[in-house]
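J.: For the record, the sequence lines run as chains V and D. 6 is the number that my numbering gives to position 6 of the first sequence; each next residue is one higher, with no gaps. 510 is the number that my numbering gives to position 510 of the second sequence; each next residue is one higher, with no gaps.
One thing to keep in mind: the hints can contain errors.
Here are a few chain V residues that sit away from chain D, every Cβ distance over 12 Å (derived from the structure) [stated by the list, open to error]:
id : residue
1  : Val-214
2  : Arg-224
3  : Glu-229
Straight-line distance between alpha carbons at most 30 Å, and here's what the computed DSSO-like set of lysine-lysine pairs gives [stated by the list, open to error]:
id : chain 1 : residue 1 : chain 2 : residue 2
4  : D       : Lys-563   : V       : Lys-243
5  : V       : Lys-235   : D       : Lys-51
6  : D       : Lys-604   : D       : Lys-29
7  : D       : Lys-182   : D       : Lys-408
8  : D       : Lys-563   : V       : Lys-235
9  : D       : Lys-306   : D       : Lys-362
10 : D       : Lys-29    : V       : Lys-235
11 : D       : Lys-182   : D       : Lys-79
12 : D       : Lys-362   : D       : Lys-182
13 : D       : Lys-563   : D       : Lys-79
14 : D       : Lys-51    : V       : Lys-243
15 : D       : Lys-29    : D       : Lys-51
16 : D       : Lys-408   : D       : Lys-479
17 : D       : Lys-51    : D       : Lys-604
18 : V       : Lys-243   : D       : Lys-182
19 : D       : Lys-29    : D       : Lys-597
20 : D       : Lys-79    : D       : Lys-307
21 : D       : Lys-79    : D       : Lys-408
Just so you know, these hints were derived from the structure itself, not from any lab. Ideal Cβ placement from N, Cα and C applies to all residues, glycine included.
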Amino acid sequence: MGQLSGPTDPTADAHWEHQQPRKGFFTDTSVCIGCKACEVACKEWNHNPRDGNLELLGSSYDNTGSLGASTWRHVAFIEQGQDRITEARESGRALVNLGMPRIGPPGAAATAGPDLAQVDTTPPDTADFRWLMSSDVCKHCTHAGCLDVCPTGALFRTEFGTVVVQDDVCNGCGTCVAGCPFGVIERRSDGMVAVAAQREEQHAEHAAVPNAGVAQKCTLCYDRLVADETPACAKACPTTSIKFGNHDDMVETARERVAGLHAQGLTEARLYGANELDGVGGTGSVFLLLDEPEVYGLPPDPRVPTADLPRMYRRAGMAVAGMVAAAAVAFLGGRA
Amino acid sequence: MANADCIIIQGSNMAECHPVGYQWVAEAKARGAKVIHVDPRFTRTSAVADKHIPIRAGSDVVLLGALINYVITRDLWFKEYVSAYTNAATLVHDDYRDAEDLGGLFSGFDPETGAYDTASWAYAEQGGGTIQEPAGDSEHGSHASARAAGHQFGSGGPSLEHAQVQRDDTLQDPRTVFQILKRHYARYTPEMVQDMCGIGVTDFEYLAHAITENSGRERTTCFAYAVGWTQHSLGTQFIRAAAILQLLLGNVGRPGSGIMALRGHASIQGSTDIPTLFNLLPGYLPMPSAGRHDTLSEYLEAIASKKQKGYWTDADSYTISLLKAWWGDAASAQNDWAYNYLPRLTGAHGTYETAMAMLEDKVEGYFVLGQNPAVGSSNGRMQRLGMSHLKWLVVRDLNLIESATWWKDGPEIESGELRTEDIETEVFFMPAATHVEKAGSFTQTQRLLQWRHQAVAPPGECQSELQFFFQLGQRIREKLAGSDDERDRPLLDLSWDYPTDEHGDPDAEAVLAEINGRHLSGPEAGKPLSAYTELRADGSTAAGCWIYTGVYADGINHAANRKPGQEQGPAASEWGWAWPANRRILYNRASADPAGKPWSERKKYIWWDQEQGRWVGDDVPDFPVDRAPGSQPDPELGGAAALTGDDPFIMQADGKGWLFAPTGLVDGPLPTHYEPQESPVANALYPQQQSPARLVFPRADNLSAPSAGTRGADVYPYVFTTYRLTEHHTAGGMSRWLPYLSELQPEMFCEVSPELAAERGLEPYGWATIISPRSAIEAKVLITERMTPLAVGGHTVHQIGLPYHWGVGTDAVVSGDAANDLLGVTLDPNVQIQESKVASCDIRPGRRPRGAELLALVAEYQARAGTTIETGNQRITDRAAEGAKPDPGENGRTEGGSR
C-alpha cells in the first residue's frame, strides 16, 4: 500500500506493472442541459435496475435523489434566486482573490488577478434567476475510503487509477458505505425490480435483481475502458458537459474553463476535486460548479477516513508506549 | 447554427426537446454567440441561455411585429439584400386593403364561409390587372383550408401566372411591399409589446439590440422554433413573421442564419417529405382535389405556371416520374400517366375531421401507426369516443398504448360514458419493430437523410412497417386478383415488388433506390438518377420523391455516408445526404451580394468565380451553376431559365423572398396579431379578437371558454400551455413503458408560479385539478419561480404549464391524466394544425372527482361560464368596427379579384 493521503499516483501505488494513464471525468456543469442522458446510458450499459417508487421526489426535475447502488450518475436540479446568485458570485470571486490556493490553475491564477480588473466583468444577463444542473458521479478518489476499508479485497484500484467493486468477491459487509466521504457507494437491496435486458422479457416477470446485497457503484465503465471505449455517460452527453480522458488533461481543461468563465465575469465558477492537497488527494472525477459544493449536495471538505490512520497509529503507539512506560514506572517504582 | 452570432429560440424548448441538436447551439455559444430564449416558461433551455424573456403564450406576432417595426423605423434593415433579394420593391394591386384599414380584417373576407377570397392581395400586373395563381381564379380560402394547402409549400413557394411584376426600386410607392409592411407594423411598438406580451421595454430593447447588432454583412442571427410556434390558430403566421424579420436583416441563405424548424421526432421531416398527410403526395406535390384537379393538365397548371420563375415549373417532370414509379408500364402517355389512379380529395380529411366523422359513423376502420391519439391529440375524449364508433381498429405499436386499450381502461370507462360490453369496435394490436430492429432512413430537422442499419432482428411477431405494408398490399392484391372492376386497377397495377430477406422483410435500400429514381429508357436505362434536374415529363424517368433524387446516385446509398465532420469541410457534405441535391443551406446564392461576392470574408459561403464562370464555395450552390450575377434572361422563358442573376429564391415564383405573400396563405398576406381562440386578454391592436379565418368546430363536445370582455371569462381565468419533457416522448408510447425513463419523470404535474399557488391555495407537490370547458384532469403541483406572472393589459396573467406525456391506462409503467383532454379543437386554416399551446382553464387544489362526478364538475363550470356552442366561435368580433364587406363604390373596388 502506498501513502494514505496527499498527492500521489494511485495506479503506481497499486503496483500495476502495465499501468495506463489515470483516467477520469471532467463534468462541466455550466453547459449541462439536465437531459439525464447520462443517467439512462449508465443504467442501460450496466443493466442497473430501476430504483425509486415512481413518485415525484419533490425536488424540481430531480426524481432520482442521489447516487446509490443502482444510480451511478445523478443529475441535480437547483432553482436559485438573485440573492443566492450574488453570493455564489462573491464566494467564487473570493477564491480567485485569495490566489486560488485550493482551486484553479496555479499559473493562470497569478495572471487572472490583474486581468480581471481590466476585462468586462459585467454580470451576465440572467442574473435574477437560475436553474443549476449538475451530473454527479463516483469521484474515483486518489485515496479512496471505500477501497481502503474494504476487508475482503472486493474493491480494487484498476490500471486506469479507478476504483471498482468485484461483485463476486464482495460479501456485502457494508464497511465501504461508511468509508466513502461522498456517500456514493451503497449496498444494493433486493427490493427493486430489474429491467428486462431483452424486449421479450419486457412484459414477462421481471428478472431477479442482479448483484443484490453487494456494494455497487460507478466503475467508470471499466469494461468499456479495457476495450478502449468512452464510458457510457460521457458518450451519451450531447453537450460535452461530461468529458472523459486522461486525468491530467481533464484537470488542465477544467482549469482553463474556469479561468475562461471568470474572464467573462462568471466568478461563481469554481472547481471541485481538482486540488490534490484536499482530504482525498484530489478526485479522479473533477467538476466545474457554479456555486458552493453544499448547494449540489457535495461535501465542502471531503476527507478520507484512512487519511488519519498514521496519526491514529502514532497516537495509539504513543499511548501504548505511555502505557508500557507507566507500567514499567509503576513496576520499577514498586520495586523501589 | 454553430455559425450564428446570435440565436433566438422562441416557440421551442430546444435543449429539452432537441438535446442532440442543441449541441450546435452550445457550440455557437462556446464561439461567443448570444443565446436568447423567449418562452412562457423558464425551461432547461433558458437555464443555459444568456437570457430568458418570459412571454404570454400566443402573443408572438406582437413581439415579432415590433421587431420588424424597430428594424424599419430605425433604418436597420439590410438595404442591398432587401432591395435585390426580396419582394420589397414589388407593387401590390390597388384593390388590396390592409388589416390596419379594416379593423383587423384584410380585404376579401367573407363572413359566411369564414374565409378570404385572396384575389385582392395579388401583385399588380404591368397592364393594370393582378397576377393571380395560374389555374385561372385564385383558389378560395375555404377550399384551400379544407385541403390544408399550405403544406405543399414545404419545399418552395406558391405559384403565380407569371413573374412580370411591377417594381419601384426606390421603395417609395405606397403600393410597394415595403411601404405596406411599414404601415402594417407601425402600431407594433415596444409599448404594445409590454401591454400584450408582458415583456418590458428594457427586455424588448435587449432583444432588439442583440438581433440587429448581430445581423448584416459581418454577422448573422438565426431563429429556432418548434411546435410552440406552429400549434396556434395562426401558427403559420408566427413563422411568416420571423421570415419577414430575417429577410429584412439579410439572415436567409447564409451561414448561421435562417429560421430553424425543429422537427419533433427522428423522422417527422421525412414524414412530410414522403408524406403521411392526407393532402400531400411525395415531394410536396398536392393531393388532387375533385373538381379542381380533375385532369393531369389542370393539376399541373395549378402547381405552377410554365411562365413563372424557378424549379417548380418542372412539376410535370416530378409528377409524371412519381406516377411512373408507382404504376410502371401501366402509366403511359395514353392514360395521362395513370393520373386517374390517384384518389381525389372531396373535403377536409385531417385527423380531427376524421375523428368527428367517426362520431357520425362515417368511418368504418382506422389504422393507428406510430401515434397515440387517445393521449396525444387535442380533445382526447372526442378521439376516444370516435374510436368507439369504429367497426375495426388496428394499432401498430411497440406497446399496448392507450389508443389500443381505451375500451377497457380509458377515462370514459371510469366516467361511465362507455361500457366495455357495449363497444362493438374490433381492436387488433400488431406488434411493431423498433428503429434498431429494422433498416431505413431518418430525415431530420436539417433535411438530412441518415441511414440506420438493422442491429438486431425484431422479436416474436414484431414487424417493420415495410414488411407490414408490403404484405398487406400483397394480400389485398391477392384478394382482388382477377377483378375487372375499374376501381381496383390502381391496386392491381401498382409496382409492388421488393427483394426480401429470409424473414420476409423488404430490403429498405431497394425502396430508397425506388424513391431516388432511375432512367427507364435511353442509353442509361436502369441507371439510378443523380439529380432531380434529370427528371423528364415524357415517361423516360421514374422517381418516388423528386426532392430525394440523388440520394442513391451511382447506386450508392449516400444516406449512409459517415465521414466525421472534423475530417471534412465546413458543410460536412459527406455525412448523410441532405435534400435537395445534398445542399446544406437552402437559397445559398443569397450568401453572396448581387455582384456575386461574399457579403464578408467572415460569412463567405457561395460566390461567383469569374474565371471559371460558375458559382463555387463550401456547399452545393443553390442556383443555376453557370448563371452569372448580372444575367437578365428573357422573362418569357419561364422556369429556371428565367431566373435573373440576383433571384436567389429559386423555388419562389418570382425568385424573391416574400416579405408580403400575395398568394398561398389563406388568413392574410402579412402576419397580424389575433388572440388565441380562448384568451383572458382583449386584442389591443384590432377590434377583431381571434383570427377570422381560423377553423372552428362549434360542437357540444368542443366548447370554448369565453374570451376577455365577454360574460363568463372569469370562470376560466388562467392560460395553460402544453409541452414535452426531455425524459418522455410525446404521448408516452416510447417512454412510459420504459422503467429507466419512467422513473425520471414518474408523475403528471403542472407548473405554477408561487403567486398563483398562493392565489389558489395550491400546496407544493400536492394535487391540483385543472378544469377547461372540455374536461378536468388532476396533476401534482410544482410551484416554481420558473413560472412568471405577467402584467398584461393592466392585469396579471397567470400561465400554467402542463406536460402532455401521461395517459389513463393500466399497461404502462407510469400513467396519469392527459393534458390534451383539456384542449379543444381549433385549427390554423393554412395547415390544419390544432391550437394546443394556449387555452383557458381554472385550477384548484385537490384531486379531481371520479366517475360521473367528473362530468358534473365540467358541466358545472360550463354552466357558470354560460358556455354554448356559439361561444368564441364568431367569425367577426365587432361588425360595426370592421370592414368585412368592402364598399364596392370606394375606388371602384370590388369584392374578389379584378382581373
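J.: Each of the hints needs a verdict: does it hold here or not?
T.: Results for each hint:
1. Val-214: 21 Å, holds
2. Arg-224: Per Cβ check, Arg-224 (chain V) is outside 12 Å of chain D; nearest 18 Å; holds.
3. Glu-229: Since the minimum Cβ distance to chain D is about 17 Å, Glu-229 (chain V) lies beyond 12 Å and the statement holds.
4. D:Lys-563 to V:Lys-243: The given pair, whose Cα atoms are some 23 Å apart, holds under the 30 Å limit.
5. V:Lys-235 to D:Lys-51: 29 Å, holds
6. D:Lys-604 to D:Lys-29: 20 Å, holds
7. D:Lys-182 to D:Lys-408: Status violated; Cα separation ~58 Å.
8. D:Lys-563 to V:Lys-235: OK: Lys-563 (chain D) and Lys-235 (chain V) at ~18 Å, within 30 Å.
9. D:Lys-306 to D:Lys-362: With a Cα-Cα distance of about 40 Å, the restraint between Lys-306 (chain D) and Lys-362 (chain D) is violated, given a limit of 30 Å.
10. D:Lys-29 to V:Lys-235: 21 Å, holds
11. D:Lys-182 to D:Lys-79: Roughly 15 Å between the alpha carbons, so the hint for Lys-182 (chain D) and Lys-79 (chain D) holds.
12. D:Lys-362 to D:Lys-182: 49 Å, violated
13. D:Lys-563 to D:Lys-79: It is violated: about 39 Å lies between the C-alpha atoms, which goes past 30 Å.
14. D:Lys-51 to V:Lys-243: Distance of about 26 Å is within 30 Å: holds.
15. D:Lys-29 to D:Lys-51: Given that 30 Å is the threshold and the Cα spacing comes to 12 Å, the pair holds.
16. D:Lys-408 to D:Lys-479: Given that 30 Å is the threshold and the Cα spacing comes to 33 Å, the pair is violated.
17. D:Lys-51 to D:Lys-604: Holds. Lys-51 (chain D) to Lys-604 (chain D) sits at ~29 Å (cutoff 30 Å).
18. V:Lys-243 to D:Lys-182: 50 Å, violated
19. D:Lys-29 to D:Lys-597: Roughly 28 Å separates the two Cα atoms, so the pair holds.
20. D:Lys-79 to D:Lys-307: Between Lys-79 (chain D) and Lys-307 (chain D) the Cα gap is close to 29 Å, so the pair holds against 30 Å.
21. D:Lys-79 to D:Lys-408: 64 Å, violated
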